[in-house]
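Trainee: Listed here are the chains, written in short residue letters.
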Amino acid sequence: NAGVTQTPKFQVLKTGQSMTLQCAQDMNHEYMSWYRQDPGMGLRLIHYSVGAGITDQGEVPNGYNVSRSTTEDFPLRLLSAAPSQTSVYFCASSYWTGTGSSLVTEAFFGQGTRLTVV
Amino acid sequence: TQLLEQSPQFLSIQEGENLTVYCNSSSVFSSLQWYRQEPGEGPVLLVTVVTGGEVKKLKRLTFQFGDARKDSSLHITAAQPGDTGLYLCAGGVGSRLTFGEGTQLTVNP
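From first to last, the protein sequence lines are chains A and B. Quick note: the first sequence, position 11, residue 24 per the numbering used here, numbers continuous. Quick note: the second sequence, position 3, residue 670 per the numbering used here, numbers continuous.
Do not take every clue at face value.
Said to hold, decoys possible - Only part of the chain A face toward chain B is listed, based on derived beta-carbon distances under 10 angstroms: (1) 41; (2) 45; (3) 58; (4) 69; (5) 86; (6) 121.
If you're looking for bench data, these hints aren't it; they were derived computationally from the structure. Using N, Cα and C, we set each Cβ at its ideal position, and we do this for glycine too.
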């Protein structure tokens, strides 16, 4: 099992360029999410998906698009990169575990993509 | 929006010392999770607490969920250099987690 795989690990873009960050999981998890991590701000949710064909916006969705055509893949697209999108991006997949009142989800994260927009 | 505040933001201690980090919110969470993140890596789940007042132990780490399910703490006994990392608390379920800002812990040999 590879878990959650993100590519690329590093990327430098010029302002206005577009690109797609790839995320794949091999654990057959229903839920997948994209977060960005900036210094002193923890992780903030960009977009998320509860299953193939279903996506929704998180806390900071502007400037990003997602799609979920398969259970395994959840790419994040930057439409027109801006310096404010310089960040480390993490993809996560999660699943339900436990029973009754102890039913919770556990998340697994990829290694991240460090993006710099100049 | 549910917010989580962690304190302290930075903590530097000597090997062998004990420490506690805190995660607080004005909102009730059905569960809280603690993650540890090392440089260049994604967060790794340490524990999930679900019941008010619950205490969970993971070797030298003790996690507590507040009675009102609005706060949590992580206590490390006899810290070791291998405990160095960013500790994050998170609340929520499914694909929507809310994270605190994190506590950067450095344990010096």
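Trainee: All hints are to be evaluated individually against the structure, with a verdict given for each.
Mentor: Against the structure, the hints:
1. Against a cut-off of 10 angstroms between C-beta atoms, the interface hint on residue 41 (chain A) is violated, since the closest Cβ of chain B lies about 15 angstroms away.
2. A distance limit of 10 angstroms between C-beta atoms decides the matter here; for residue 45 (chain A) the minimum to chain B is near 6 angstroms, and the interface restraint holds.
3. Interface restraint check for residue 58 (chain A): the shortest CB-CB distance to chain B comes to about 6 angstroms, inside 10 angstroms, so the restraint holds.
4. The criterion of a C-beta within 10 angstroms of any C-beta in chain B is met by residue 69 (chain A), whose closest approach is roughly 9 angstroms, and the hint holds.
5. A least Cβ separation of about 15 angstroms between residue 86 (chain A) and chain B goes past the 10 angstroms threshold, and the interface hint is therefore violated.
6. At a threshold of 10 angstroms, the smallest CB-CB gap from residue 121 (chain A) to chain B is about 8 angstroms, leaving the interface hint in force.
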